Amino acid sequence: MTHKIRAFIAIDLPQTIKAELAQTGALLARQFPDGAVRWVKPERMHLTLRFLGDTAIPQLPAIATQLDELTAHHAPFNLHLDKLGCFPNRKRPRVIWAGMAGNTNALLALKQDLDERLASLGWEKEGRPYQAHLTLGRVKNSRAVAQVKWRGELEKVGMGVTAVHLIESQLQRSGPLYTTRHTSYLQQTPKN
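In the numbering used here, the protein residues as written are 6 to 197.
Any given hint could be a false lead.
Calculated pairs, BS3-like style, for lysine-lysine (alpha carbon to alpha carbon, straight line, at most 25 Å) [claimed, not checked]: (1) K130 to K9; (2) K145 to K23; (3) K145 to K96; (4) K88 to K154; (5) K46 to K23; (6) K130 to K46.
Derived DEER-like restraints, expressed as beta-carbon distance ranges [to be verified]: (7) Q152 to A124: 38 to 46 Å; (8) E121 to Q28: 32 to 40 Å; (9) Q28 to S179: 20 to 28 Å; (10) A149 to E129: 17 to 25 Å; (11) D39 to Q193: 47 to 55 Å; (12) K96 to A69: 23 to 31 Å.
Hints were generated in silico from the structure; no laboratory data involved.
From a predicted model like this one, the values you see are computed outputs, not experimental measurements.
C-beta atoms are modelled at their ideal positions from N, C-alpha and C, and glycine is treated no differently.
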């Protein structure tokens, strides 16, 4: 029997972004009925590039190699917080999110290259277009949330993207426990 872990590939967030998201989340939480949204703790927030799901442990070295090769071909870039929104929309909300803007062309190129590399290892390409976002909360009572004319603003706090992480997620009663299994640093020198 092959042992598996639940895994994903993500970009870590600096404390400045997590602090802004914590403040925004607290302001939003006061606008909704208790229990209508399960808010994500800021220390667990990250920018997911790809959810891998159950991943066989023997596959981890090949994934790490692909991440190292990926980051050797991409330069560091900058992103910043942008706007708030819902998936799929405000009339039927399931997720409340904070969007990312900035050098999204570099982010999308990184994501597309990652998907190609994962396809070479047997992962199917994702069916929907990638939208850079940070999950603030998961809606538990869609009707109650849809009825609220909620508002929120995000400071355009910025961050440098310098690394990509392979992360193990262990589901626990208190929430997921994340363990970084591999880190690859963006290395290509930016073109002027």
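Hint-by-hint comparison with the structure:
no., hint, verdict
1, K130 to K9, "holds (21 Å)"
2, K145 to K23, "holds (23 Å)"
3, K145 to K96, "holds (14 Å)"
4, K88 to K154, "holds (16 Å)"
5, K46 to K23, "holds (9 Å)"
6, K130 to K46, "violated (29 Å)"
7, Q152 to A124: 38 to 46 Å, "holds (42 Å)"
8, E121 to Q28: 32 to 40 Å, "holds (38 Å)"
9, Q28 to S179: 20 to 28 Å, "holds (23 Å)"
10, A149 to E129: 17 to 25 Å, "violated (36 Å)"
11, D39 to Q193: 47 to 55 Å, "holds (48 Å)"
12, K96 to A69: 23 to 31 Å, "violated (42 Å)"
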